[in-house]
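Student: Sequence:
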Amino acid sequence: MKTDIEIARAASMNHILDVAKSINLSEDDIELYGKHKAKISLDVYKRLENRQDGKLILVTAINPTAAGEGKTTVNIGLSMGLNKIGCNTITALREPSLGPSFGVKGGAAGGGFAQVVPMEDINLHFTGDMHAITSSHNLISAMLDNHIHQGNDLKIDVRRIVWKRVVDLNDRALRYITVGLGGPTNGVPRQDGFDITVASEIMAILCLATSLEDLKARVAKIIVAYDMDKKPVTVDDLKATGAVTILLKDAIKPNLVQTVENTPAIIHGGPFANIAHGCNSVMATQTALKLADYVVTEAGFGADLGAEKFLDIKCPQAGLKPNAVVIVATIRALKMHGGLKKTELATEDLDALKNGFTNLEKHIENIKKYNLPLVVAVNNFPTDTQAELDLLIQLCKELGVEVSLTEVWAKGGAGAEDLARKVVSVMEEESRFTQLYSYDDSINKKIETIATEIYGADSVIYAKGVKTKIKKLVELGYDNLPICMAKTQYSFSDNPKALGRPSGFDITISDIVVNAGAGFIVALTGDIMRMPGLPKVPAACNMDIDEDGIIKGLF
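First residue of the sequence shown? That's 1 in the numbering used here, and the numbers climb one at a time after it.
Among the clues, some could well be false.
[Unchecked claim] Listed below are the simulated DSS-like cross-link pairs for lysine-lysine, each with C-alpha atoms no more than 27 Å apart in a straight line: (1) Lys221 - Lys472; (2) Lys354 - Lys46; (3) Lys321 - Lys354; (4) Lys342 - Lys411; (5) Lys105 - Lys342; (6) Lys397 - Lys368.
Treat the hints as calculated values from the structure; they're not laboratory data.
Could you build all of it, start to finish, from the sequences and the hints given here?
Tutor: What follows is the structure, encoded as structure tokens:
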């Protein structure tokens, strides 16, 4: 069997102009980045704003395991499967981060015969959006430190600076650093640190903005520090708003590419769902909904993270009403949630599958709380036995949930035709989508609703100082914002080792931060970090390029 990169390289790609024409875009509607990539003009959505939206399908998954689930692969396969059964469809995805691409997880372009292409470009520099976000974020950092160095007219308290620097790589050595060393000409010494670019509030703003003007207004509101009177200092106070927006003028435009079967794909924005809101850009989704009858999008990691944030942050802010949800699961991953080690997954074990099914069961219950129809997509592996498949189907049907076995990795769109038909079938009724909580609820209540209703926690514990910070946010008028929980992706709890459906646990809120520009409050749980580290053997160790420019080892 060919590797992912070999399959992607062998794909017969259409010129991006032809991809654009297939969704009724003209040459004037796009900006070319070579033969196979383009940016979509912001004028497209303005022109089509009054056109009826297509139907919106969210693809999510169980809590991820080392066995792999293939959520993005199923998303891409479903979009191709819908086109195969005659449904005009676009897939809308997030952009990969270089951190995971060179770390352990790999890129985010799908796999096998369900990929978006050009895969190498998408997983690497693509159209430069990540670099623009990194540069604009670090421009704020530079102007902040320069302001302090030049006299600190804003009376910024250097002990209360909340704006870190960012880089789009996994680099644990940068989590905590000291800047301004080397004497008076090199700035004011202070403690600082780096987050990964996808955790930047600039990334969140890019993905939630509805126009360039909205992006600019959001950037202005970003809180970078507090002054000696404990009042917020913003990007606008630093007079950096215009310059930051200039650096994002092209990055805000959605990117157009295609799948290996030439289905149009709009890929834009890339926040992680464990440390940010985990959804592609509002502008990409809204544009896709005007151009197609069906849009298949995804949200990062398990449904407890990405789907919850998609439904409680992105959809209400953007006025989106999803029509259906697909939850991706694998027999292998469910057996890991049932207690098996990765080395034991090839052996049939119905008891482990039944025990691990509780994880999927909880995700199903959660999606039903939003009044959305759903289908479980079983991403089929060769090691799955018929007895295991029969048991999983039976358990889902006992919950009244439709199930589809998919083989998109091996068969592309043809492996998702059954899933496509079942998804279309459950969307016959008009969306009855309901949010989990009201934005008018108190900050504590919103946090506790997510923790108890979605995670299944008994209660919430607030670390020392967190309640004081919450009180301050209320005083500043930020209590009507939604909550973006930062939590491990591996478990419903804040303990990454508690697999399956844990019970009898509490969620600990270790810190709380307002992202005033993005328009949400980040509640950090447990030991969650916003700068990942590399594994003992990074994926980068197995990558190379030959004299003809042919890349190997990228996945």
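Student: Which numbered hints does this structure break?
Tutor: 2, 3
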